[in-house]
Amino acid sequence: MAHDDVQMLERYVYAVTKRLPHNQREDIAQELRGLIGEMAESTGDIETVLRELGDPALLADTYRGEARYLIGPRYYDFYIMVLKIVGFAVTLGIAIALGIGFFFNTPQSVGQMFGRLLETLFGAYAGAFTWITIMFWGIERYRSSKGIDEPLESWRLDDLPEVPQRSAIIPRTEPIVSLVFLVIFFAVLNSTPWLLRILDWRDSVYIINPFIPEVFKKMLPLFNLTIVIAMGIEFAKLYTGVQSKRLAVLTIGLKLVSLAISLYIVAGSGIWNPSFVQDLAYMLQKEPNEIPFLGRFWEFFPSFLVIVMVLGYVVETIETVWRTWRLKLPKDAT
Amino acid sequence: MKQEDANGFGKIFENLSLELRRGTVVLSVLSQLQTPQYGYSLVEQLRDRGIPVEAGTLYPLLRRMESQGLLESTWETDGSKPRKYYGLTGAGLRMLKLLSQEWQSVTKAMIGLLKEE
Numbered sequence: 003m004a005h006d007d008v009q010m011l012e013r014y015v016y017a018v019t020k021r022l023p024h025n026q027r028e029d030i031a032q033e034l035r036g037l038i039g040e041m042a043e044s045t046g047d048i049e050t051v052l053r054e055l056g057d058p059a060l061l062a063d064t065y066r067g068e069a070r071y072l073i074g075p076r077y078y079d080f081y082i083m084v085l086k087i088v089g090f091a092v093t094l095g096i097a098i099a100l101g102i103g104f105f106f107n108t109p110q111s112v113g114q115m116f117g118r119l120l121e122t123l124f125g126a127y128a129g130a131f132t133w134i135t136i137m138f139w140g141i142e143r144y145r146s147s148k149g150i151d152e153p154l155e156s157w158r159l160d161d162l163p164e165v166p167q168r169s170a171i172i173p174r175t176e177p178i179v180s181l182v183f184l185v186i187f188f189a190v191l192n193s194t195p196w197l198l199r200i201l202d203w204r205d206s207v208y209i210i211n212p213f214i215p216e217v218f219k220k221m222l223p224l225f226n227l228t229i230v231i232a233m234g235i236e237f238a239k240l241y242t243g244v245q246s247k248r249l250a251v252l253t254i255g256l257k258l259v260s261l262a263i264s265l266y267i268v269a270g271s272g273i274w275n276p277s278f279v280q281d282l283a284y285m286l287q288k289e290p291n292e293i294p295f296l297g298r299f300w301e302f303f304p305s306f307l308v309i310v311m312v313l314g315y316v317v318e319t320i321e322t323v324w325r326t327w328r329l330k331l332p333k334d335a336t
Numbered sequence: 358m359k360q361e362d363a364n365g366f367g368k369i370f371e372n373l374s375l376e377l378r379r380g381t382v383v384l385s386v387l388s389q390l391q392t393p394q395y396g397y398s399l400v401e402q403l404r405d406r407g408i409p410v411e412a413g414t415l416y417p418l419l420r421r422m423e424s425q426g427l428l429e430s431t432w433e434t435d436g437s438k439p440r441k442y443y444g445l446t447g448a449g450l451r452m453l454k455l456l457s458q459e460w461q462s463v464t465k466a467m468i469g470l471l472k473e474e
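Top to bottom, those sequences are chains F and S. Using this note's numbering, the letters of the first sequence correspond one by one to residues 3 to 336. Using this note's numbering, the letters of the second sequence correspond one by one to residues 358 to 474.
Derived by calculation from the structure, the hints in this document are not laboratory data. Quick caveat: nothing in here was measured; it's all calculated off a predicted structure. All C-beta atoms in this analysis are idealised placements derived from N, C-alpha and C, irrespective of residue type, glycine included. Be aware that one or more of the hints could be misleading.
[Unchecked claim] Facing chain F, from chain S, some residues (calculated, C-beta under 8 Å):
id, residue
1, A412
2, P417
3, R421
4, R440
5, K441
Could you build all of it, start to finish, from the sequences and the hints given here?
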């Protein structure tokens, strides 16, 4: 074999084996050298032989034998659906959040405005895409490592879900709308500290914050956690598409966690600015005792929130339970 | 337009016939390895006997069948170039018998089906 031919052969062999596990490389390389040499002898031309063997990446795939993908067919449809919904929610949420932001903090030019909009949007798309993909990849790896997706043996007739009653079907719009609002809430909470200020727009700007900024900053991850939990619930609704006992239990449980976190933020973290009313009075050019109603309201406000949240949770739980069990759902309907 | 349709049809036929033949490759390989052979001689032998299998398909398949315990391999380094010989194991031989029976019953049934046409 000519020197050039040997070089080309080695390049091809390398292109295949570099894609294979270490412990098989040497053996397969040997085998391929033999094969290519033999084929070249009968055709006389190494290029023809290599063309016939085809793309080294594909040959390596055949050697590896196993599927190489990020997200398999089982979850692909749901993955695309989640991407679409989140894309929609992110677009709307950011447009609204930035819109409010521009109202308070008007950009110098239209160009600047669009620049910021595009920048924020693309950042958010990239982030959302990355996290969703990582999440699905994790699910995919977990399921295939557990062998959960092994076909047929583990599948039983009993696993087939009951055809849902009409009233048990969750319309897709319901979780989608919730997700849009959650994204808006998330964007506003994380990108716009100005929202926490009350402004006086007559001539000057007073910064009056109902929260203590340092505590707020510390609590922000917890706020975000409750939003992520809420999003998780909506995605679960979207995935199952049907009201079921399992979904109800999951919802009630996760919302309880959320409630606990929220109660801590509201009542246990000392997030409220105690001099808020005083600052407000100063801005209104009044003495604090001239606005006794506001003072009392502010004192009572955290307790008020606690009551609202706990009541909200109880009502929601009762509603979920009533809606679910009234349907007389079969145990396994998921 | 007509030409395109004809091309599409030809392509579909090609794919379907490939798919039809794909299932026979393992049995073909088992049948030819009762006496050990190295990869390329097996490629040539199968081609000469009317079952062409690409080397890029056959070589990985041989390794997979080895890892399934149906084949065993030894490197022959006596000649000018080293060659890896594959032969049937006991399990490979049993598999050959079983799959042959399977093949017989499938062809018999298929012949029946095709006659009714």
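The hints, checked one at a time:
Hint on A412/S holds. Least Cβ distance to chain F is approximately 6 Å, under the 8 Å limit. A least Cβ separation of about 4 Å between P417/S and chain F falls short of the 8 Å threshold, and the interface hint therefore holds. Proximity of R421/S to chain F holds as hinted, the smallest CB-CB distance being about 6 Å (cut-off 8 Å). Checking R440/S against chain F: minimum C-beta separation of about 6 Å stays under 8 Å; hint holds.
Here the hint on K441/S is kept, as its CB sits about 6 Å from the closest CB of chain F, short of 8 Å.
Every hint from the earlier list agrees with this structure, and none is contradicted.
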